[in-house]
Amino acid sequence: MTAVSVTDLHLRTAGVTRVEAVNAEVPAGSVVAIVGANGSGKSSLLDLMAGMTEPTGGLITLSGQPLTTYSPWELARQRAWLGQTTPGAGDYPVHEVIGWGRSKTNNDNASRPPVENLAAALGLSDLLDAPLRRLSGGERQRTHLARIWLQDAPVTFLDEPDASLDTQGRQLLSHLIDEKRARGHAIVIVTHDRGWAARAADQIWVMDHGVLTEQ
Amino acid sequence: MHRAAVVIVAACALGLSSCVSQTNQPSSETNPTELTVPREDSPRFTWPVTIETDELSVAEVDVPILENNGRVLALAVGSGEVADLLGAGNQLVGKDETSSTSREVPTVTQAHQIDIEQAVSLRPTVVLVDDLTGPPEAIDALSASGAKIINIPSVWTLNDINDRVSAIADAIGASAESARELSAALTQNTEVSNSASPRVAFLYLRGPSAIYLLGGESTGADALIEAAGGIDVGAELGYDGFVPLTAEAIIEADPEVLLVMKDGLESVGGIDGLLELPGVEQTRAGENRRVVVVEDQVLLSFGARTPALISRLAEVFTEGLT
Amino acid sequence: MTTAPSTLRLIVVFGGVTTAFILIGAMSLAFGYASFDPQIVWDIRAPRLALTLLVGAGLAVAGVLLQAVFHNPLAAPSIIGVSASGAAGASIGAALGVSFNSVLLAGMGALVAGGGLALVRAVATRHGRTDATALLLGGVAVSFFALAIVLIATPFVDRAAGRSFSFWANGSFALATWSGVLAVLPYLLVGFAIAIAFVRDLDPLSLGTSAAQAMGFPVGRITGWALVAVVLLVAPAVTVVGVVSFVGLVVPHALRQVIGPRNSLLLPASALAGGVLVAAADLIARVVLAPVEIPVGAVTAVAGAPVFLLLLRRMVRDRAVITR
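Chains as they are written, first to last, in numbering that gives the first Met the number 0: chain D, 0 to 214; chain C, 0 to 321; chain Y, 0 to 323.
Chain D on its own, in the form it takes in the complex (with noise of 0.2 Å):
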């Protein structure tokens, strides 16, 4: 089954070209990692699977179906997404934050992993009572990657996840990474860190001006 398909895919915004002709496909089950230098168009490709751009021109579906035709919470159940930077929400504490992955998704509860179970797994159970302005870059990192793991979505976009975190919490990513794909759930990622994935990921694409190597 695919988790996601991209047909022609094409973005232009301020007379710049983006993302140019690209086609792929994400199977489920799979981690699929996209590398490139800076602004060869990698974050905007991981944007626009995850619908959280416009194309300019081009088909993108996901779990079979046009990302169009998903109203937002919809949306929300079947795809998670993590930009480069989540400021904000400073004032809230960790289990909060981490809470909001499961408010408009509703699926039934007793499937999901409760906050605690998520927090451990990242290493956050002795700050979950902290508000996110008295965490590290890290430590705020591993919050919101709780946070969407929470959503428990079948596909997740990961934009340089890996950024600010240390070699621990690479680690417990990757497991958390790991499992999810032993699930049947696929993970789209932005990294710099090609030696991870040439160990981890299924595939890897390559960005270079907009247009994809697959590997």
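Everything labelled a hint here was simulated from the structure, so no lab data went into it.
Beta carbons are placed, not taken as given, at the ideal position from N, Cα and C, and that holds for glycine.
Take these hints with a grain of salt, some might be off.
[Claimed, not checked] Now the in silico label distances, taken between C-beta atoms and shown as ranges:
no., chain 1, residue 1, chain 2, residue 2, range
1, D, Gln-83, Y, Thr-132, 22 to 32 Å
2, D, Pro-65, Y, Val-301, 57 to 67 Å
3, Y, Thr-132, C, Asp-262, 35 to 45 Å
4, Y, Ala-304, C, Asp-295, 30 to 40 Å
5, C, Thr-156, Y, Pro-305, 47 to 57 Å
6, C, Thr-156, Y, Ala-192, 55 to 65 Å
7, Y, Ala-192, D, Pro-65, 28 to 38 Å
Got chain D sorted already, so can you dock chains C and Y onto it with the hints?
Just chains C and Y now, kept in the frame of chain D:
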């Protein structure tokens, strides 16, 4: 040469005293606190002239004191004074800021707005109001508290004074005869003759809002000016009510004297500010700084001090233009 | 700063507000001429107290909504131009002869305020992202413009009516009547209802438009409704009592320090505290120079402007201009 001077001075003094005795009741006393108009001393006269309320005597009539048990709140302009003169002085429980009464009575307005709580707490049975009384919430509250609200007609000419006085008399239970007597006293000196017939312009000034107006017919001031023997230049030019004060308008009007209210003058920065308004300095009045300043509350109140005001104006017009 | 407020803190806050409410309510009903005349208390002071509580609650809740939707602690009704626009609508209506303390005039105020808010937001927003600084500056400009309209319209209103420029610009509860209360009540109730309906969706908005949208929150719709609620909570009140400034800024900010950021708690707390604050301000306005009344907006501004500056300073220091 000495003798000529004495004759002139004596003639002026005679002329003056005949004016004075024509208009004042024998029992009243004028206390001129105003400093710049000399009496029998010297012929010099300095402009500008300010007419304070206190220097104007209150017209008096001999009417019986009323014995009814009313509680009167006099909020129509000048109505407190009139009620007082009609013998209802001890029924007054409150007044507005434009009246001064013989007995101490609380003033419930400020900037012509009624303090609702204060007014209602006085528990009046009768409230005298006119078009200028506000806010409406206050009047509603007074009505709701059981007081009878009586609307007193506004006065813009000396002839209307009759209506106003009889309306007030009616409201407070004074007799029609008392009303007539008082009306007569208030309108008695409309016969002041003045050979000079000075051209007077009434200016309405509100500095902060940049509102400058020239008065014409039916402003009320025109009636006063004419009663004092002058010519209201705005009325002469046919303006109805107030028109904007433009250089063309004021120069065409060609006034010899300007009549303004005290607060209004202050709001434009005094005489100097007034002279800076367009066209004013070019008029004969402006060139010679001939400005008469009257306290706001007495100028258009058409009340008990109006006769004294008219005679004072006549005095000023006569003296100042010779 | 602790996170979830402890039960003790909640008791202190709500208890404190309730006590203040009782004290201030009693004082404002008793203070004045002929202190215990029942007619004065019922006809004059009771509607005045009721109006201060309602208006204060509306302003504070509007502040909560604005701060949530624009992720900026400086967003408040009087600062982004909603209040002044409401006054402009009211003075235009009054100049056209619409009676004061009427549902119609309140509606006109709401219309113009809605326009003003839409204008400011349109100027400051691009691709769904609102620049906080542009929002605040736009609000200042709109406020000046709106107050100029009030200045122009006021001379066309009967002078005896007592609605001078100062009445609109600085606020006054001196002319409060039960009909004034009834004129604003329907708008306030609808505004509160909308706010309550959306309160739980407000917290995730703090993550920014993208992240919140990605989690399934319809940010555009929530924002739209929240702004409608803001207009309904503020503008009709302004048509009855004029502009009362800084309440929507100070109350949510102060409460956030004590009971945390969660809007489902902040909203009701702000409503209560806002009402009490304005009632207190009105009492001060009546008492401090008695028997002369100073405008209630002067009291709130004297207290509120320093808070605004403090907040601004903190923002500059943290370099945390939160925009999304």
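- [ ] Kindly indicate which numbered hints from before are broken by the structure, ordering the numbers from low to high.
- [x] Violated: none.
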